[in-house]
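Chemist: The residues making up each chain are set out below.
2 protein chains.
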Amino acid sequence: MTAVDVSAESLSEAHRARAVILGVRPEIDGGRYPIKRIVGDTLEIEADIVGDGHDVVRAVLVDRAPGGPWRETELVHVGNDAWRATIGLPALGRHHYSVIAWVDAFATWRRGLERKLAAGVDVTVELLEGALLVAAAHDRGGDPALANAAAVLGGRGALEQRLELATSDALAELVARAPDRRLAARYRHDLEVIVERPLAACSAWYEMFPRSTRSDGKHGSFRDAEARLDYIAELGFDIVYLPPIHPIGMAFRKGPDNTPVAGPDDPGSPWAIGGPDGGHTSVHAALGTLADFDHLVAAARAKQLEIALDIAFQASPDHPWVTEHPTWFKARPDGTIQYAENPPKKYQDVYPFDFDSADWQGLWRALRDVFVFWCERGIRVFRVDNPHTKPIAFWEWCLREIHARYPDAIFLAEAFTRPKLMYVLAKAGFSQSYTYFTWRTTKAELEAYATELARTEVAELFRPNFWPTTPDIFPEHLVNGGRAAFELRVVLAATLSACYGIYGPSYELGEHEPRPGVEELAHNEKYQLRTWDLDRPGSLRHVIARLNRIRRAHPALHGNRSLRFHQTDNDLVICYSKQTATDIVLIVVNLDPHHSHRAWLTLDLAGLGIGRDEAFQVHDLLGDARYTWRGPRSFVELVPDQAPAHLFEIRRFVRSENQFEYYL
Amino acid sequence: MTAVDVSAESLSEAHRARAVILGVRPEIDGGRYPIKRIVGDTLEIEADIVGDGHDVVRAVLVDRAPGGPWRETELVHVGNDAWRATIGLPALGRHHYSVIAWVDAFATWRRGLERKLAAGVDVTVELLEGALLVAAAHDRGGDPALANAAAVLGGRGALEQRLELATSDALAELVARAPDRRLAARYRHDLEVIVERPLAACSAWYEMFPRSTRSDGKHGSFRDAEARLDYIAELGFDIVYLPPIHPIGMAFRKGPDNTPVAGPDDPGSPWAIGGPDGGHTSVHAALGTLADFDHLVAAARAKQLEIALDIAFQASPDHPWVTEHPTWFKARPDGTIQYAENPPKKYQDVYPFDFDSADWQGLWRALRDVFVFWCERGIRVFRVDNPHTKPIAFWEWCLREIHARYPDAIFLAEAFTRPKLMYVLAKAGFSQSYTYFTWRTTKAELEAYATELARTEVAELFRPNFWPTTPDIFPEHLVNGGRAAFELRVVLAATLSACYGIYGPSYELGEHEPRPGVEELAHNEKYQLRTWDLDRPGSLRHVIARLNRIRRAHPALHGNRSLRFHQTDNDLVICYSKQTATDIVLIVVNLDPHHSHRAWLTLDLAGLGIGRDEAFQVHDLLGDARYTWRGPRSFVELVPDQAPAHLFEIRRFVRSENQFEYYL
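Sequence lines, in order, name chains A and B.
Be aware that the first sequence starts at 1, since it is given in the numbering used here, and climbs by one per residue.
Be aware that the second sequence starts at 1, since it is given in the numbering used here, and climbs by one per residue.
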């Protein structure tokens, strides 16, 4: 009795692959989204590969730098059918990787031969089989020497010589170089890794309104901002981030503290983008010219600072596109254009773009070209305003387009939104993202959140950027916490996350008067000019400068994956470490800005790679005190007004006492 | 400045989907493999779906029974962008499911309208917008009443009436029935669930050599086996599994206890399949005819027993296919056929099939047709010998073919091999699998292994079948453990796993003489005829009969996902429970067959759904004792020779004392 094939599936060559590649790690959402690394990183890939029975499986990782050819790296079996390889990532851009696996007939044969020899079994026929396998390798374009080897194995020479050749590594290697991959399996996806420059993963940001950089109360310019660069460089930041620098609309312009009507001298919110002078590719006349802007960018670069622009995809009613491309906005039945709103609030000064526009392709390309415009002027760092209110598919397309042309471009997502939406923006290609750090204040909250970010799959794709405050958010705990609260929050931000930022000079000066009823500062720079006395007593500038110097000097602080929390017996004292092979830092912070706290720490010495009985020195890089500790238990006391935090470098002693001569 | 599209990717309609479906659970290996359920199950599906911004997302689960049309079930948002739906699985076979999601413009509009009304904002234009949305729903083939609704919303009637209509659930429902899915996203995979009959997930197996069913020492037949059915039915098993019933080869036939040369009366191993009388679709003449076999199958069915066949894809040198299809075997350079070997052992009585044969398609189809042959004779349960030594792709193809035609067929994989290979065979379609239970003896080992099987992703696809022994494996701990060891192992097997089996009558009679040097019983039935005294004193038949009756009566024991371990303060006492909404069983086993043990149990009452101060009755279904317990701590003592295990039914009291009248 013979059954017909009952399914539509016929038996194709694809059925003959004997090795099954079950899964590859890391892999995000079944291969749908890329992981992220920085250039120069090594990428460790693991794959679960199963062959039936006992035949020898071989596997290679294949990877390809952007525009390059596929490269192969041998995967090594590390136990329980898991295989591993490590590759370098020498180039910026989107690399791809996959896995190829096959059953290796020659290696299987050789292993069987050796087992039979060990068991004293006759192997005459095995040698003939080996000769056929070697000849086949030759016929596949293998080394010419294989022809002779096949003849020797299958010939009538002395058995001892034939066996020596059969079991030699040299022959195995020659055959391995001409593998029989006709029935090889290739993993079902090509996986992607976005390789960015180191700044994408480790960066200190300083946000500043260029128009508030004068001391005489007048509208500041790019030139005035340029004069501020030395101060920022001295503070040790990497990136100077400017709110939108474009012409600001007059229609429905907001007054101080978001009052509905602006006076004639009110400068308006920089996020109401566009006026008669232009839109997203123009600069506000009061700030200067594009040439002035270029000058600022060059001056910053000379001081090792990069200028980051704020890209906010929305328009004031005065934006040129409102008349040039009316279809890019949503028309209402009464002929008006839909403005932004969050009932009962109305933002008549802001028109959202209609991403579903009939001319959506034209709009999407124009928005992409805003990035292209600024990239062409040398900008490579962008803070993107509210990306979560634009289609995810737009970002995935747009960031891919920009990355293909400017693989050194870095994008920070200002997405204060639901967790999965934040993460999917990272999956769509954003380099970094704002986070919930701003509101996480208790030890339990900080530990849980930082662990999720640093020690779960999230770390493969989402790079957190911790901000204690922004122009939009001035959280409750800073209102009455005093200088100690500002200090402890910036220490947490700068050490829990390799990327962090402050909104200055407001932050270092401890500005803390809230606007009643909202989570913002009074006299918000979003709506008015401010002047700042940078030398105000109590400024945190020296603490921050020291913090940034420590960050630069300590590779342990350049990433988050080594983050480890250590027990303390006081819920107001948090303790954590970061480490590399050669660098360990240990941070202890008093989370209470009002009271001194003492705590016993219980360090995870094994995690730190320190012996249980080994003495080690801890050197407080913020306060300069040094202590010698031994064993997991140590005592600390933190006084808010003196030092709310320790930032210890842990130094292991090069020699222990029993290595000294008098011990020998 | 305008950039050209830098990537090859152009902007297609696919970019316009606003909802992103990140992942669906359950999903195995990124959707590559099916999950498993039984008919009548409900399947709960969860999906992570993210829309940008704040627009209202709608989503449906789509599923399709085998050969049926796609059906839709609304997904409900359960928080944190997770959505859930539950569907029934009314039919056997391979069902498919996926997710469709889209932004719902009308629901978004309605929510905005309600917020504006609550805020006292003028909504005149909003009503006009609503009218357009309702008219569009009508134009998409919506209810005729929508035309009038649009006219009312957009008309000049009383505002109050227009608002009442605009915010009515009735209108929302009508519009929802004509959704605008032009820009809907569909999940990137159609996922698969193999729906089998209940026996696939819950079954008690009894393995028996039909040739050893006589008491006079002669070769038993199907007729003799039939006489054994009452005994097996009385023991309460569901499935009678027969080792291969085919003609046995004469060439290189093995003698008693696997000696290399058989005497003239030695019956040979049933796994050396094939002789002049035929191969995998013939029956051994000494067992009877195909008609006798059919009679046995029918007799079993009359007693609620199913016959399971052992399908071993290998051939004795006398198998007809050796001459009919020489290309299905591997020819060696000396003209011989490759026999099975595991150096230094040689199995010259067994030829493996060459799945890489030049005529591999012919071979694969012939092997599939072996299943088809026996399915056509009414067999629906197969124990497959050593599936892990055949290509995984073969099984995936073959089981799909058989399931398409016989969706009630059940396959047990005899794969004692590496864990990932065992699991991938389950992914390829095997209904059940042998496990490592046979060697797991300590509390820690049993807890870890049973938890992996019952409470991880493994439970989605791999159904364990626990066997204390097999003809191939007689583990060390049963050699000297006495009756108590046999009893405790069968209690563990029958309660830790919804599928279990014993190799009888050897097991219930406590046969325990090992063959020296191997993990097998002496006088192994694989190589010789045995006679069994079923009434031998000390037989476990009554314990096993009771155990199987309890299993049938208690739905809690019909699955594994509710398995929960409870703390005991004695490492030799294990305690676990299984439960359904209406049934709770609690099992306590003394793992030491030699000594009595006492233990304090600490029950996870919350997990069991029992109040901390609630009194409950435990009724030992094995021993009939009843106790009233209250609170998590209880004391047990287990005496191996009397009762090595308790199998408690937990009964909650219908009323507690404070519900009685005198309390009111």
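Bear in mind the hints are in silico, worked out from the structure with no lab data behind them.
By construction, the Cβ of each residue, glycine as well, lies at the ideal position given by its N, Cα and C atoms.
Please note: incorrect hints may appear among the correct ones.
Said to hold, decoys possible - Only pairs whose alpha carbons sit at most 25 Å apart, straight line, appear in this in silico BS3-like list of lysine-lysine:
no. : chain 1 : residue 1 : chain 2 : residue 2
1   : B       : Lys330    : A       : Lys116
2   : A       : Lys346    : B       : Lys116
3   : A       : Lys116    : B       : Lys116
4   : B       : Lys420    : B       : Lys443
5   : B       : Lys345    : A       : Lys116
6   : B       : Lys345    : A       : Lys345
Stated by the list, open to error - Some residues of chain B that are not near chain A, with every Cβ distance over 12 Å (derived):
no. : residue
7   : Glu74
8   : Ala118
9   : Glu129
10  : His523
11  : Ala615
Chemist: Compare the structure with each hint and give your call.
Modeler: Right, here's what the structure says about each hint:
{"no.": "1", "hint": "Lys330/B / Lys116/A", "verdict": "holds, 19 Å"}
{"no.": "2", "hint": "Lys346/A / Lys116/B", "verdict": "holds, 10 Å"}
{"no.": "3", "hint": "Lys116/A / Lys116/B", "verdict": "violated, 84 Å"}
{"no.": "4", "hint": "Lys420/B / Lys443/B", "verdict": "holds, 23 Å"}
{"no.": "5", "hint": "Lys345/B / Lys116/A", "verdict": "holds, 9 Å"}
{"no.": "6", "hint": "Lys345/B / Lys345/A", "verdict": "violated, 83 Å"}
{"no.": "7", "hint": "Glu74", "verdict": "holds, 20 Å"}
{"no.": "8", "hint": "Ala118", "verdict": "violated, 8 Å"}
{"no.": "9", "hint": "Glu129", "verdict": "violated, 6 Å"}
{"no.": "10", "hint": "His523", "verdict": "holds, 27 Å"}
{"no.": "11", "hint": "Ala615", "verdict": "holds, 37 Å"}
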